[in-house]
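Asker: Listed here are the chains, written in short residue letters.
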Amino acid sequence: MKFESVSLQRVNLSKLRWVFPLGASLLLWMVASGISGGVSVNLLLDNLTVACFVALVAVGQMLVVAAGDGSFDLSIPYVMTLAAYVSGKTSGGVNTHLLVAIVVGLVVGMAAGAFNGALVVGPGLPPIVATLATGYIAYTIILLMGNGSQVIVAPGLISFGQHSWHGLTLVVLAAVIVLAGVALLRGQGRYGMYLHALGQSRPAAALANVPVKRVIVLTFVISGLLAAVAGILLSGFAGGAFADMGDTYLIASVAAIVVGGTSVRGGESAIGATVFGATTISLLAAVLELSRAAIGVQDIVQGTVIIAVVVLVMRGQR
Amino acid sequence: MTMLGTPPADLVDATAVPRPTKLKRRLPSSGGWTAGALLVVVAVVTGVLRPATVSSMGASLLLGPALPLVFASLAQMVIILVGDFDLGIGYAVGLVNVFTATALTTDVWLGAALMIAMVLAYVAMGAIVELFHVPAIVVTLGASFIWLGVGLTVQPTPGGTAAGWLETATNGTWPVIPEPVYIMAAGALASWWLLRRWRYGVVLRALGNNRAALENSGWSPVWTRLGAYALAGALVDIAGLLTTSVTTSADINASATLTLITFAVVVVGGCRFQGGIVVPAGVVCAAVAFSLLASVLSFMNVTAAWNTAVEGLVLVAAVGAKWLIEGFRRYFRSREA
Chain P
1 MKFESVSLQR VNLSKLRWVF PLGASLLLWM VASGISGGVS VNLLLDNLTV ACFVALVAVG
61 QMLVVAAGDG SFDLSIPYVM TLAAYVSGKT SGGVNTHLLV AIVVGLVVGM AAGAFNGALV
121 VGPGLPPIVA TLATGYIAYT IILLMGNGSQ VIVAPGLISF GQHSWHGLTL VVLAAVIVLA
181 GVALLRGQGR YGMYLHALGQ SRPAAALANV PVKRVIVLTF VISGLLAAVA GILLSGFAGG
241 AFADMGDTYL IASVAAIVVG GTSVRGGESA IGATVFGATT ISLLAAVLEL SRAAIGVQDI
301 VQGTVIIAVV VLVMRGQR
Chain V
319 MTMLGTPPAD LVDATAVPRP TKLKRRLPSS GGWTAGALLV VVAVVTGVLR PATVSSMGAS
379 LLLGPALPLV FASLAQMVII LVGDFDLGIG YAVGLVNVFT ATALTTDVWL GAALMIAMVL
439 AYVAMGAIVE LFHVPAIVVT LGASFIWLGV GLTVQPTPGG TAAGWLETAT NGTWPVIPEP
499 VYIMAAGALA SWWLLRRWRY GVVLRALGNN RAALENSGWS PVWTRLGAYA LAGALVDIAG
559 LLTTSVTTSA DINASATLTL ITFAVVVVGG CRFQGGIVVP AGVVCAAVAF SLLASVLSFM
619 NVTAAWNTAV EGLVLVAAVG AKWLIEGFRR YFRSREA
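If you're matching them up, the sequences are chains P and V in order.
Per this note's numbering, the very first residue in the first sequence carries number 1; after that it's consecutive.
Per this note's numbering, the very first residue in the second sequence carries number 319; after that it's consecutive.
Wrong hints could be hidden among the right ones.
[Said to hold, decoys possible] Here are the simulated distance ranges between beta carbons:
(1) P:189 / V:514: 45 to 55 Å
(2) P:19 / V:442: 50 to 60 Å
(3) P:92 / V:643: 11 to 21 Å
(4) V:431 / P:297: 37 to 47 Å
(5) V:642 / P:294: 17 to 27 Å
(6) V:503 / P:206: 27 to 37 Å
(7) P:312 / V:511: 48 to 58 Å
(8) P:204 / V:442: 33 to 43 Å
(9) V:430 / P:315: 48 to 58 Å
(10) P:92 / V:503: 53 to 63 Å
(11) V:435 / P:204: 22 to 32 Å
(12) P:103 / V:575: 44 to 54 Å
(13) V:535 / P:312: 27 to 37 Å
[Stated by the list, open to error] No farther apart than 20 Å at their CA atoms in a straight line, the calculated lysine to any residue pairs in the SDA-like style are these:
(14) P:89 / P:159
(15) P:213 / V:641
(16) P:213 / P:238
(17) P:89 / P:30
(18) P:213 / V:642
(19) P:213 / P:124
(20) P:213 / P:89
(21) P:213 / V:645
(22) P:213 / P:121
(23) P:213 / P:192
(24) P:213 / P:247
(25) P:213 / V:623
(26) P:89 / V:623
(27) P:213 / P:190
(28) P:89 / P:100
Hint data in this document are derived by calculation from the structure and do not stem from the laboratory.
If you're wondering where the values come from, they're calculated on a predicted model, not measured in any experiment.
Virtual Cβ for every residue (Gly too), placed ideally from N, Cα, C.
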């Protein structure tokens, strides 16, 4: 039997890939400064905090995408909100059991990820459909829990989310620590190797004794966990959890990967490039907002940028 | 998505013997029986809960709102047929809804031109997917923002009106059975003929099922995908037009929830997510069943919040059942052998 379309590609990513999204971020910072009149470090730092939420979910999304076979995690926005809701409800809006509440929220995120993974490796649902189903079930729980209004979070979480040292927030610090942990997991152990092997060719990975199902489930669990971290931090930053707080993060997570230059066909991952992709996306949104363009025009520009960049990236890789 | 990574096992077999053969007309499929059964159950429950619906008038009122979902699902079915997913279909239908409740009402030609533009936009998406090997999910996700943005620019807040002729078009009194049933049957029959009987329909199905066989038979995968996207765009146009005739107003956000339901409808309707298999009648039955399911839940005084969860659960249950049945079949076959 011949495996014609199955060929192993080079794992080796261009080490300098992160330079392009970093350059784009700096360029957009300059444009934003130009619009608002005067170069402002605070503008950059404000956006850095917002970019951290995007970066956290985008790295989770990137790992899922790297597993190949058209994998995407569409449950991210709902898992973010669900984790923030559950953790807010558990704490009851007071500081006494804040740590427990945060742990419960993180466990909910991982459970949602495990459910995604189980649907994919069990009945063999395409990841897109499995994660959509999980997402909508999560959304129902959100609606039933919140009665349509916001959920109050503990004051300790709010002061953590809003604490800033010369514009540099604790959110940035937390995101850096979490993402460093993910980078360690991907770079040091077997996990990263397995993940890339899986994304490049499932049959080849299976023949090479890669525990395919376990790696897929673990990847979805990590994505769920990162979504939960982002959701809980966001609820502290925003001063409460809202039913639609995660809505913009699905497209942002995909856009950050695309702008970061990682292939959306799977088989490779680049955490640094994706993080700078996230800052680029956040700054693009900031520039559009500063330009006072109509909300419809902002949507059109964002959609067009995503399609244009993905075409450019994919053309470069052929 | 066959172009992403591994090809299905049957494709690998086919590439081993490259010969210009006729493409197979029929592929094994579970058929639309699951969807038919689900529809019967939901319809009976509806009739028992609300006996007044068992009349031409009552059925017409219940089935009318199902029309947009029927045609949106048929569009999603065509996209899935060639191995892709359309994550922007809800906003696409919403955009046509906006066009047909604003431009079409004042100027029929402008409205028609915008609807043709929508078909061309779908063709353009197909071209990007095929020529640059970009996963359709990224293109359709990006496009969904463009649909939303254009829709908000044309009609920032819900408004607009349906043209008088459009409003009456779906409220006519037709012999024996309610008019929506005729429209649904026409949609199912037309799709069935186009995809299962027409000679080019076989080519469309081959792209999602066995790309190598398609190319060996001398067909162009590029034109095939463009054709599929054009057909999907036309079905999206019909879905948007019917949305306007049912709701008589323009609201880009009203159709956003269609996206997930179309996936559930297509899989319950008996199609295969990996592409290649279509059962238009099953998809139509499943679309009506899902639409009635929402009514049943509201008749039972269940909060609307449960709708999305029930849809998600039906989807998971349908796929789980399929998985179990296939497992049993394999088990018994292995015992016979």
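Asker: All hints, please: hold or fail.
Answerer: Hint-by-hint comparison with the structure:
1. For residue 189 of chain P paired with residue 514 of chain V, a C-beta distance near 50 Å keeps the hint of 45 to 55 Å intact.
2. The hinted window of 50 to 60 Å between residue 19 of chain P and residue 442 of chain V is violated, with their beta carbons roughly 31 Å apart.
3. In this structure, residue 92 of chain P and residue 643 of chain V break the distance hint of 11 to 21 Å, their C-beta atoms being roughly 46 Å apart.
4. With their beta carbons about 22 Å apart, residue 431 of chain V and residue 297 of chain P fall outside the hinted range of 37 to 47 Å.
5. The beta-carbon spacing between residue 642 of chain V and residue 294 of chain P, approximately 51 Å, falls outside the hinted interval of 17 to 27 Å.
6. A beta carbon spacing of about 46 Å between residue 503 of chain V and residue 206 of chain P contradicts the range 27 to 37 Å that was offered as a hint.
7. Distance hint check for residue 312 of chain P and residue 511 of chain V: the Cβ-Cβ separation is about 41 Å, which falls outside the suggested range of 48 to 58 Å.
8. For the pair residue 204 of chain P and residue 442 of chain V, the supplied restraint of 33 to 43 Å holds, since their beta-carbon distance comes to about 35 Å.
9. Checked against the given bound of 48 to 58 Å, the beta carbons of residue 430 of chain V and residue 315 of chain P, roughly 35 Å apart, lie outside it.
10. Checked against the hint of 53 to 63 Å, the pair residue 92 of chain P and residue 503 of chain V passes, with Cβ atoms roughly 55 Å apart.
11. Take residue 435 of chain V and residue 204 of chain P: their Cβ atoms lie about 44 Å apart, and the range 22 to 32 Å is violated.
12. For the hinted restraint 44 to 54 Å between residue 103 of chain P and residue 575 of chain V, the CB-CB distance of approximately 33 Å leaves it violated.
13. Our hint of 27 to 37 Å for residue 535 of chain V and residue 312 of chain P holds, since their Cβ atoms are close to 33 Å apart.
14. Taking the CA atoms of residue 89 of chain P and residue 159 of chain P, the gap is near 18 Å; set against the 20 Å cutoff, the hint holds.
15. For the hint pairing residue 213 of chain P with residue 641 of chain V, the CA-to-CA distance comes to about 17 Å; that is within 20 Å, so the pair holds.
16. A distance of roughly 37 Å separates the Cα atoms of residue 213 of chain P and residue 238 of chain P; the hinted pair therefore is violated under the 20 Å criterion.
17. Distance hint between residue 89 of chain P and residue 30 of chain P is unfulfilled; the C-alpha atoms sit about 42 Å from each other, more than 20 Å.
18. The straight-line distance between the Cα atoms of residue 213 of chain P and residue 642 of chain V is roughly 19 Å, inside the 20 Å bound, and the hint therefore holds.
19. For the proposed pair residue 213 of chain P and residue 124 of chain P, the alpha carbon gap of about 11 Å is at most 20 Å, so the pair holds.
20. The straight-line distance between the Cα atoms of residue 213 of chain P and residue 89 of chain P is roughly 34 Å, outside the 20 Å bound, and the hint therefore fails.
21. Proposed proximity of residue 213 of chain P and residue 645 of chain V is supported: the alpha carbons are some 18 Å apart, at most 20 Å.
22. The straight-line distance between the Cα atoms of residue 213 of chain P and residue 121 of chain P is roughly 6 Å, inside the 20 Å bound, and the hint therefore holds.
23. Using a Cα cut-off of 20 Å, the hinted pair residue 213 of chain P and residue 192 of chain P holds, with the two alpha carbons roughly 15 Å apart.
24. For the suggested pair residue 213 of chain P and residue 247 of chain P, the alpha carbons sit about 29 Å apart, so the restraint of at most 20 Å is broken.
25. Taken as a hint, the residue 213 of chain P and residue 623 of chain V pair is broken in the structure, with Cα atoms around 33 Å apart against an allowance of 20 Å.
26. Taking the CA atoms of residue 89 of chain P and residue 623 of chain V, the gap is about 19 Å. The hint holds against a cut of 20 Å.
27. For the hint linking residue 213 of chain P to residue 190 of chain P, the alpha-carbon distance of about 15 Å falls within 20 Å, and the restraint holds.
28. A threshold of 20 Å between alpha carbons decides the hint, and for residue 89 of chain P with residue 100 of chain P the separation of about 11 Å falls inside it, so the pair holds.
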